[in-house]
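Engineer: What follows is each chain in one-letter form.
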Amino acid sequence: MGLDARVMPAAPSGRLRLAPEEHRRLSRNRRLKREVLGWAFLAPMFLCFVIFLVLPVLGTVWWSLRSGGLAGDTKFVGLKNFIDLPDIVGASAAVTNTLVFALISVPLILVGALAIALLLARIERGGSIYRFLIYFPVLVPGVVAALIWLFMTNVDFGLFNGVVRGLGGKPVVWLGADHALTVLAILDVWRNVGYWALFFVAAIIGLPKELYQAAELDGASAFARLRYLTLPLMRRIIFFAVVVATIWGLQVFDTALVLTSGGPGTATTTVIYRVWLYMFGATNKIGVASAISLVLIVTILLLTLVQMRLLRGRRGGD
Amino acid sequence: MNQRIHRQISALSEAHHEARLSRRGFVMGLLQLGLSTAAVASIAAGFRPAYAAAKSLKGHVRFLVGPWSEGEVAHHKHIAEAFNVLHPDVTFDFRLYQWGTAAQEIGASVAGGGHDIYMTTESSYPDYQAGTRFADLTARINDPAFAAEKAKYLYWERTESYGPKLLGLPISWHVEDALFVNMDKVKEAGHDASFIDSWDGFVDCIAKMTKEGETYGLGIGIQLGGYGEWYQRLRSAGGSYLTPDLKKPNVNLPDVVKVTEQMADLFKRGIAPPLGTYGYDAAPAAFAAGKLAILSSDLAGTTVLPKKMPFDWKLLPYPPGPVSQVNFNDVTYYMVNAKSPDQDLMWEVISFWTNGANDAYWADNSGTYPARIDAPQNGYGTNAVPQLAEALPLFEKHAVGLENFPQWATVEGLAEAEIQNCYTGKSTPAEAVANVEKIVIHEVGL
Amino acid sequence: MTPTDTYSGPAIELIEVAKHYGKVTVLDRVDLTVAPGEFIALLGPSGCGKSTLLKLIAGLDELSHGEIHIAGRLANYLKPAERDVAMVFQNYALYPHMTVRENMGFPLKMSGIARDIVTAKVDEAASLLQLDAQLDRFPDELSGGQRQRVALGRAIVREPYVFLMDEPLSNLDALLRVEMRAELVRLHKRVGRTTIYVTHDQVEAMTMANRIVLMKGGVVQQVGTPAEIYATPANTFVATFVGSPPMNLFKGRIEQARFRGAFDTAVPARVMPGDVTLGIRPEHVEIVEAGEKEALAATIDLVERVGPDAYLRLTTQGRATVTARVDGASRAKEGERVALRLPPARLCFFDAAGNRMIVDKEG
Amino acid sequence: MTAEQHARIRVRQRRRREFGRHLVLGLVAFILVAPFYYVLLASLKDSTEIFSYPPKLLPIPPYFGNYRDLLWNTGFLRWMFNTFFVATSVTVLKVFLDSMAGYALAKIEFTGRRLVFLLMIILLMVPIGALIVPLWSMVSGLGLINTYWALILPPLANPLGAILMRQFILGLPRDLENAARLDGLSEFAIYWRIVLPLIKPGLVVLAVIIFTDQFMSFTWPLIATTSDELQVLTVGIAAMRAHGGANYGLWSASAVMSLVPIGVFFFVLQRQFLARSLAGALKQ
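Chains as they are written, first to last, in the numbering used here: chain A, 3 to 320; chain B, 736 to 1181; chain C, 60 to 422; chain D, 1037 to 1320.
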C-alpha cells in the first residue's frame, strides 16, 4: 500500500473493509455497553437520590397545592396556599427573624473564622490541638448544644449570669424577647465558627507562597499582605463561604426548637420553625407548610444558582 | 358473673352448635374461661375490675403515649402487670411521644401502623374525627353490654359533640393553667385565699409579694409558645375564638382587650418576670425555691414539685374576668389504630386501662384528674399531692373545654405567641387581640 | 500462543482513521501501514493529533471513522486489553499504591497467569532494565529514570505484539534522555517488536525510528525514513520542522532557470517557471570568496557558536535572511561582510501552497 | 547594626508574634470549649449543688449519680448503640455508593450525566426540614417506618458525597485508568482496585463528614421512628429533656457522654480529616 506516498491527499472513501452499516451496528453496541455501564455505576446512589430527594421535592410541590393533613383527608386547592402566605399573621416576623438571625450570625462566623484561620495558618507549633478544640463545637448535635446553652443561660444559676454578677451587673434574661434571637445567633456562631475557620485555614495554606515572599521583599506590611494579597486571592472562597453559610443560616431550626420553642412570643420563630408549627400543629396544615417550604427551597436554589454562576466565572477568568 | 363472660360462653356454645368448633375446642374454651375467671377472683383480689375479658388473649400491644410525668412508662408497666395476671400471653411496648411534636408523631405512627394504642388529647380530636386512621369504637362503646361502664366515664357529651363517631375512651382531664400559690407569701402580703376572687385583689397581692431581686409575684408565660393561659382570660371576658355556631370570630371585644391589658400590665409593673426568665423546666424549681410566689402552670407541674415543700401551697384558678371565672381544661383519650390486626384485643386493653382502678392509679400518678366517676373509690388521691384533690371541686365548677373546630390547636399555638408579643412590649394589647382575630379568620378559613 | 504468532501481514493498518470531537477535527483520514518489527515515530508539534492516534490504536478512545487493523484483525471494537498492545505513558502511569514488582506483574496477574511465572517474568524484565534493587519500592520512592524503566518493564513483561509509547522520555532531564534513547533502541533491537513512538522531539524521532510519520493539525504531512524526511521534505512545514536550525525558505519566481526574489541565483534548468518557495538547509549554504560565480554579498548579523558548529545569521543585499551552518572553528565575526553561494543541486523547491515540487536532482 | 543583631531582632520579633498568636488562639479555644467544661462540672454535681450560688468551681467530691442514672435508668446505651449502628451503616453504604456514582460521573461518558450532575448540584442545599412530610410519605409508603431502613436509606440521597467523589476522581490522572484498561481490568475492577485505593484520603474525608452528620441528625430520626428500640441519641436526649423535668445533672451527664465518642472518633481521624477535607471541599 501507499507506504512511499510522500504527500497524503485526502484519501477517497470506500476502502474500509467492513460495511458502513456493520460499523454502525458495532459502534451502537459499544455505545450501548457504555451507557449501561455508566448507569449501572450511578444507579444505586441515583435511585436513592431520586426516591428520597427528588421525589420529596416534587412531593412538596404536590402538597403545597392541597389542604389538610396526614391524618385526615386532603383536597386540591390550587395556588390558594401561596396566595394566602402574605396574609398569615406572623409570617413577616418569621422572615424577619430568619434574616436578622443570618445577618447577625453569618458575618460574625465568617469574620471570626477568617481571623482565627489567619492566626492558625501562621502558627508554628500546637496547631493540631487548636484545630481540635476549635472544631469541637462543630461536632455537637444541635439538641445537645441547645441543652448546654439552656443551662448556661439560666437566669439564676447559669454561667452567663454568673459572669455578669461577677462583673457586678444585674442578671440578664438571656432568653427574653430582647436577647433570645441574639443568643440563638451566638449559639450558631459557636457551633459554626470552627468549621469555617478550618475551611479557611485549608484555603490559606493553599495560597502560593512565592507571592508572599515577593510581597515581603517589596516591603509590604502584614496588613498590606492581608489587604492586597490574602483577601483578593481568597475572594471566591470567601464568597462561597458567604453563600453556604447564609443558606445554612436560613435553615436554623433545631436549636430554636429546643432552646426557645420559637418564643417568647414570636421572637425566635424562624421560617423553618414556622413550617414545623404548621406541619406538626394539631391540624396538620401540610399545604401551608409545604408552600412555605417551597418558597424557602426556591430561595435556596436561587442562591445556589447565583453561586454556581459566579464560581463558573472563575474558570472563564483565569 | 359478669355479662361479658355470659356473652363469651353463649358465643362458644353457639359456635359449638353450629359445629364450627370441635368438641375438644369447646371444652378447652370453657376451661380457659373458667381459669381466667378464677384468676380474676383469686389472684387479683385487691381490686375488682368492672368487667373482665373472658377470651384468652394473646398478642403484642404497642402504646404511644404522652409523657405526663417522669414515671409515665413505669405507670403503664404497672397496669400491664395487672393485665398480665389475667392474660399472661399479651406483651406490651410503651413509647413516649414529645408534646412539641405529638400531633406529627401520632399522625406518622398511626398512618404507618407503628403502634396500636394512642394517648391523644382533645385538641386534636376533631382532626382525627375527620379522618379514618383511628378505629371507630362507636359500636363497642354504645353496645348495651357496655352501657353500665359507659355511664362511669365523664365528658361523653363533649366527646360526642365533635361528631357522630366515637374514637376513644377518656382517661383524664386536666387544667391547662392553674395557679400554684405559695400561701405563706400570700399571708405575708396580708391576703388570704380569697385574693383570687377579684382581679384587683389578685394584682395587689402579687405586687405585695414581689421583692426585687428575690421574688416575683407571679410567674406566667413559662411555656414558651405554650397554650392555655390567655385562652382562659379570653373566655372569662366573654370571648372565644369563634361564636358558638362556629361561623364568626369572637375575639376582638372591648372586654378581651381589657383583660389582655391587665395581663400585659403585670409585666410592665415588673411583678411578673419577663418572658424567657423561666422555662417550663426551670419554673417549678423556682416556685419551690420561693423565687416565684405564684406559678402559673398546667397540673403536670404537681408531679415535678418536691413532695415536701417548705411552705404551705394551694392550687387555685385564675381570678374572674368581666364575665366569669373560668379555667380551661381538656380531655385525654386512648384510641386504637384502625390498622391493628386484633381490634378485640385492643378494645380489651383500652377498657382495662381506663377501668376505675387503673384510671385512678394513672391519673393519681400523673397529676391529672381521672375521667371516671368511680376513681375516688378506687384509690385516687393517695399518690398525688393533696392539693390536687383539694382543688378538684373548684376546678370542676369553673371548667370550660375547648371549642369544637378542628383548627383550634393551631389557632391556639399561633394566638398565644401573638399575645406573648404584647407581654414583651413588641405590640399593644389592641394589636395583639386584632392579630389573634386575624389568625382565627385565616386558619379557620372564614 | 496468540494468533499473532502465525500472522505475517502488516503489523498495523490504519484506514481512513478520523477522530472528531463535535465539530473539531482532531485527526483527518489517516492512512498508514506498519510492517512487523518496525519502529515508527509519530512526530509533530503539540496538538497535531499524534497522541490521539496512539490512543485510538490502543483502544483508549473511539474512532469517528475508519478502521484499525492490528495483526490483521479489525481492532475497532476490541477492548484495549484484547488488542495485544502495551503502552508506556508520558507520566508513566504507575500505580502509586503498588510496589515496583506489583506494578510490573499486574497485567500478567490480571490475565490469570500463575504466580511463579509472573515472578520469573518480572525478575527477567527487572534485570534487563537494571531494576532488581528497586523491586520492593513504591513508585514515589524512585527517581524519574527508574520510574521510566518500571513503566517500560510493565510493558515488556506482557510481551505484546505492539509497543505504544507516548512521549516516554519527555519528563526526563537532557542527559538521561539521551541515555534512555539509546537504551530504548537497544531494547527494540533485542525484543524486535513493532513499536509506535509518539514524540514532539525531532531528534528522538530521527535517531530512533525506522520511519517517521510527521503530522500537523490532524493531517499526516509525510511518511518516510528519517533520511527521506530530511532530504526531501514533502512541504515547507516538514522542511522547517525537521532539522535544526530549520531550512532557509525564500519566496520568489522562477524565470529562465533563475530564482528571482530577494536575490537572484541560478537553479537547475528543469525547474518549472512560476511562483515558488526556494529552500536550502543551513549546512548547504556555502561561504565563498567575494566575486566567485553566483556569489551573493551578505553581512553577518549574528554568530552563534554551538561547539563543533557555528550558525551564522546573514542578511543579503536584498534583505533576505539566511542561516548558514559552518565549522565551529570558523573565524566569522559579526558585522563582517562576506559572500555566500546556494549550490543549485542542494536547492529544494516548493510550490506556492508550500508542497514540494518534484525535481529530479540528478538531471 | 550588624547582620547578626538584625537576625537576633528578627528572631525575637518572630517569637513575640508567635506568642501573641498563641495568646489569642488560646483565648478563642478557651471560649469555645468553656461550655463543655461547664457541663462536665455540672454533670459531677448533684442537683442541690447545681442550684447553689455561688457555684462551686470544682465538684469535690465528684458525684457520679447522674452518670449512674443515665446509664442504668434511661435508654442511653440503647440510643448510643442505635446511633452508632445507623451512622456506621450509612457511612459504609454511602461511601460505597457515592464513590461509584462519582466514578460514573467523572469517568464514564453516558447520556444524561451532565443533567444528573446538574440536578445534584441544584438540590445539594435543599434542607431536609423542608422535605419531611413528603419524605415521610415516601418512606411510609415503602413500609419502612419504624425500621432501621427508615434511618439508613434517606441519608443516602444526599448528593454531596457523589459530587465530592466526582471531584476527587476527576483529579486522578487519566493515564492510570488507561494503563489499567490496557492491563485488562474490567471497569468495575478499575474502580475497585485502582480508583478506590487512590482516593483513600477522599474516602476518609467523606466518611467523617457522613458519620458526624448522622451522629448529629435529629429532625428526621425524630419523625421516622416511633419505637423505643430505634431511638437514636439526639432523639433520646430531646425526649429525656421533654419528659424528665428540670434534671440538669442528668442532662449534663447525657451531654458529656454523647460527646465523648464523637470526640474520640474525631480526635483519632482529625489529622487525615482536617488537612484534606476542607481542601477537597474547596475545589468544588
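By construction, these hints were calculated from the structure, which means they are not laboratory data. Backbone N, C-alpha and C define an ideal beta-carbon position, used for all residues, glycine too. Treat the hints with care, since some could be wrong.
Chain D is nowhere near these chain C residues, computed Cβ spacing over 12 Å in every case [as the list claims (entries may be wrong)]: (1) Asp-87; (2) Ala-117; (3) Glu-126; (4) Ala-145; (5) Pro-155; (6) Ser-170; (7) Arg-236; (8) Pro-305; (9) His-343; (10) Ser-389.
Cut-off 16 Å, straight-line C-alpha distance, at most; resulting in silico cross-link-like pairs (EDC-like, lysine to aspartate or glutamate) [to be verified]: (11) A/Lys-35 - D/Glu-1145; (12) B/Lys-1003 - A/Asp-180; (13) A/Lys-35 - C/Asp-120; (14) A/Lys-35 - C/Glu-121.
Engineer: Which earlier hints turn out false for this structure, listed by number in ascending order?
Structural biologist: 2, 4, 5, 6
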